[in-house]
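With these hints in hand, go ahead and build the complete structure from the sequences.
First to last, the protein sequences are chains X and F. Numbering-wise (this note's numbering), the first sequence opens with residue 1 and increments by one. Numbering-wise (this note's numbering), the second sequence opens with residue 1 and increments by one.
Hints may be right or wrong, so weigh each one.
Remember, identical chains collapse to one label, so a pair may be satisfied in a single copy or spanning two.
Straight line, CA to CA, 20 Å or less: simulated EDC-like cross-link-like pairs of lysine to aspartate or glutamate [unchecked claim]:
id : residue 1 : residue 2
1  : Lys28     : Asp312
2  : Lys398    : Asp94
3  : Lys355    : Glu13
4  : Lys252    : Glu11
5  : Lys401    : Glu70
6  : Lys431    : Asp354
7  : Lys162    : Asp202
8  : Lys252    : Glu13
9  : Lys91     : Asp73
10 : Lys3      : Glu66
11 : Lys131    : Glu53
12 : Lys162    : Glu58
13 : Lys130    : Glu222
14 : Lys91     : Glu70
These aren't lab readings, by the way, just hints derived from the structure by calculation.
Protein chains: 2
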Amino acid sequence: MEKTRKIILQEHEMPTHWYNIAADMPHKPLPPLHPATREPIGPEALSPLFPMELIKQEVSADQWIEIPEEVSDLYTLWRPTPLYRAYQLEKALDTPARIYYKYEGVSPSGSHKPNTAVAQAYYNKQEGIKKITTETGAGQWGSALSFACKHFGIDCEVYMVKISYQQKPYRKLMMNTWGAQVIASPSEKTEAGRKILAAQPDSPGSLGIAISEAVEQAATHEDTKYSLGSVLNHVLMHQTIIGQEAIRQMEKAGDLPDVVVAPFGGGSNFAGIAFPFLHLNLTQGKNIRCIASEPSSCPKLTKGVFRYDFGDTVGMTPLLPMYTLGHNFVPAPIHAGGLRYHGAGVLVSQLLKDKLMEARAHHQLECFEAGILFARTEGIIPAPEANHAIATVVAEAKRAKEEGTRKTILFNLCGHGNFDMAAYEDYLSGKLQEHELTEEEIQSSLATLDTPMIE
Amino acid sequence: MEKTRKIILQEHEMPTHWYNIAADMPHKPLPPLHPATREPIGPEALSPLFPMELIKQEVSADQWIEIPEEVSDLYTLWRPTPLYRAYQLEKALDTPARIYYKYEGVSPSGSHKPNTAVAQAYYNKQEGIKKITTETGAGQWGSALSFACKHFGIDCEVYMVKISYQQKPYRKLMMNTWGAQVIASPSEKTEAGRKILAAQPDSPGSLGIAISEAVEQAATHEDTKYSLGSVLNHVLMHQTIIGQEAIRQMEKAGDLPDVVVAPFGGGSNFAGIAFPFLHLNLTQGKNIRCIASEPSSCPKLTKGVFRYDFGDTVGMTPLLPMYTLGHNFVPAPIHAGGLRYHGAGVLVSQLLKDKLMEARAHHQLECFEAGILFARTEGIIPAPEANHAIATVVAEAKRAKEEGTRKTILFNLCGHGNFDMAAYEDYLSGKLQEHELTEEEIQSSLATLDTPMIE
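Right under this line is the structure:
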């Protein structure tokens, strides 16, 4: 064979540190505020929910943080992940652009989520924690944490949004197979759940409610902590192993991307691949465009405001400086469940504010069209979340053709769609509908905010 | 890290030829017989169904057959596949045995099946074929062929057993996503289907009926051929890339297996990993035990007879010399759908007859117990078929512990269980039942045979 399709790293070439972009940012993120007093809070405020080592990482100013041996060791179950040159997609698009993708779907749970789940379970184990609670919507995060907890011998309790629990039984079964307890939320198990059920016995649940239940369990039980799959700084940092590997792989390919693209939900997917490239921009004068791809039905980066807001719907979490549509915003039930979140993580929000990255919004139909093209050329059927990045890549590749430029595009294929085939059926059968979000809907959600403004 | 978990090959290290074990067998397989005249038939009898190049491979005496460039090129979408050292499984079993597994679940459709699907689609394309028909039960084979046909621009028509079509909608949708037409069998589309439906309008279908429909469509339409996912010599040969890679990887690990294990349905899974090791036995005086693991509810290798029999239920195919439970045998509806076949491929049958390989049968419950242990230690949730091999491996590892021997065991982890979570639910909820096949049931199936005896 003349050409190499996959650029493969050996285990000993795996990065040894996570990258903390906070160290390199020209404007550091603003501090979180107490939900009630609205005064800046310190890291100790997080200690009922998280182990100290993760809290230290959350506020760390160090540029690099060493990956513990036991975490690295478990990473090797699926890492380093392959980097592909998308020859067949390039051909189908008839583009002069070179397209590469980093494939995170080779992990046991099928997405990038175990990169942080393993790290979080490890630090909890180190501090003697016996149980971790979390919430999950579509199920990617819950299954990643179930897998990680099983390895370290920690009980895992997942509050799964009731409607997802009913509609995605395979994701629930995957968590059970790894030994986790999965509870349809709202549940009778928590004060928060019981309150909701008393008011609305047939509540389909929401991510906001599930977070409340998981947080309550952690806050009220000794030896129990809570875990989050995106948004927070330490979560984003754990994902930077993706981009660091990609840099080494691009070097082996003798290429460097002009554009880096990733889907955007809370930020961990985007941070994972893009932050190490932004490091090259911030410290070595490179000029690599990093683009976050979000659904046009949940456009916090392209249409939200930069303002303090709550991480949850109920308003229990600290106030964070973020691009947000307002914590009361209810996104349309698109198939990319992992991108249905009202706000963006703090680090990404500051980077966008400082114009150090870009964002694009895509309609659901455009995303599935791109995903089907990808499946029929490159073979892998992508997760609906990943289709957003592919839509951006297709647009960039078409532009390269129009302009006659030979740019290099890299994107994060964050997971496979094996558990999302119902979404593809909706698309193929013509049932998939677009939710046209109006400016009025966004404004009416933002109008409910009474949280502090910035500047 | 001190130890390497995965042994990874680069694309340029991928084998360039398929291995044809027929060249090295001390006793060559007996010829196929015409279903009506019961006289030996030549390769030309297969030409209505298969392209000439595949027929040549079916009867080839060459030891090695070169893999065409376009096939190798598509293989690189997922090949070479990783070879893992199962450190965590070893630890859980507290065994002195070293356990390795070759992981074929990284292919786009999630199993080893694309290794032959790609080759078959390629040769059909070369001979101007416009459409390929096939049957599928659980859906692994149908989805592999759908993926391969899409790449080479061939229409793919899959007759899917109606009960599976209804119970496994995600597999059907996967095939649709790759552009295949999936038809619930029995269907109104064929003479065979119409006949069955006239007699039994609510027939749940069977693999035998689906084969009849697919074969009829190929035989009665120009530019249309038929394709099979196991049993035949050329299909088994295409899979030998698995074992060849494994040998190179074991060499890199500085180890060589004492025992090689694979699940057994029609033979392609077992042949894929074991034939290249049997080559070492047959030509270099090695003494590597190769064990086929079958369900105790469909025990053709351990309880069947070596005799001429039909490949299908209706009796349309040539008579093949095989270990069989009789073509009228109806296996219990176990979850390992890919192992529910009455007979063994010709090459494997002759090898077993000549005691050059071994076979083991396992109960379904034992297999799922082993599969859960694997998922909770090694992370990957295996396909139910793969669990049979794991059950054999666990038994061998326990024996090594009892005997205090430090043997090396390698097995083929042929696919992931992402589409089989309902089977795990049955196991975890205690609903999974064992079907105890009696000697009487086997004898009564064999008593219906009037096909030629051997010896």
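>> If the cut is 20 Å between Cα atoms, do Lys130 and Glu222 qualify within a copy, between copies, both or neither?
In response: Within one copy only: 9 Å inside a chain, 66 Å across chains, cut-off 20 Å.
> Between Lys91 and Asp73, at a C-alpha cutoff of 20 Å, which is it: within one copy, between copies, both, or neither?
Replying inline: between (38 Å within a copy, 15 Å between copies)
> Within a copy, between copies, both or neither: where do Lys3 and Glu66 come within 20 Å Cα-Cα?
Replying inline: between (35 Å within a copy, 19 Å between copies)
> Checking Lys91 and Glu70: alpha-carbon separation at most 20 Å within a copy, between copies, both or neither?
Replying inline: Between copies only: 15 Å across chains, 42 Å inside a chain, cut-off 20 Å.
>> At most 20 Å between alpha carbons: which applies to Lys131 and Glu53, within, between, both or neither?
In response: Within one copy only: 17 Å inside, 59 Å across.
> For Lys162 vs Glu58, is the C-alpha pair at or below 20 Å within one copy, between two copies, both, or neither?
Replying inline: neither (31 Å within a copy, 53 Å between copies)
>> For Lys28 and Asp312, with the copy left unspecified, which applies at a CA distance of at most 20 Å: within, between, both, or neither?
In response: neither (23 Å within a copy, 70 Å between copies)
>> When Cα atoms must be at most 20 Å apart, do Lys401 and Glu70 count as within-copy, between-copy, both, or neither?
In response: neither (46 Å within a copy, 27 Å between copies)
>> As a check of your reading, is Lys252 near Glu13 (CA-CA no more than 20 Å) within one copy, between copies, both or neither?
In response: both (12 Å within a copy, 17 Å between copies)
> Can you tell me if Lys355 and Glu13 fall within 20 Å by alpha carbon in one copy, between copies, both or neither?
Replying inline: neither (33 Å within a copy, 45 Å between copies)
> From the Cα coordinates, with 20 Å as the cut-off, is the pair Lys398 and Asp94 best called within, between, both, or neither?
Replying inline: Classified as within: same-chain Cα gap 8 Å, cross-chain 56 Å, threshold 20 Å.
> How would you classify Lys252 and Glu11 at a CA-CA limit of 20 Å: within, between, both, or neither?
Replying inline: Both: 15 Å inside a copy, 14 Å across copies.
In this structure, the hints that do not hold are numbers 1, 3, 5, 6 and 12, in rising order.
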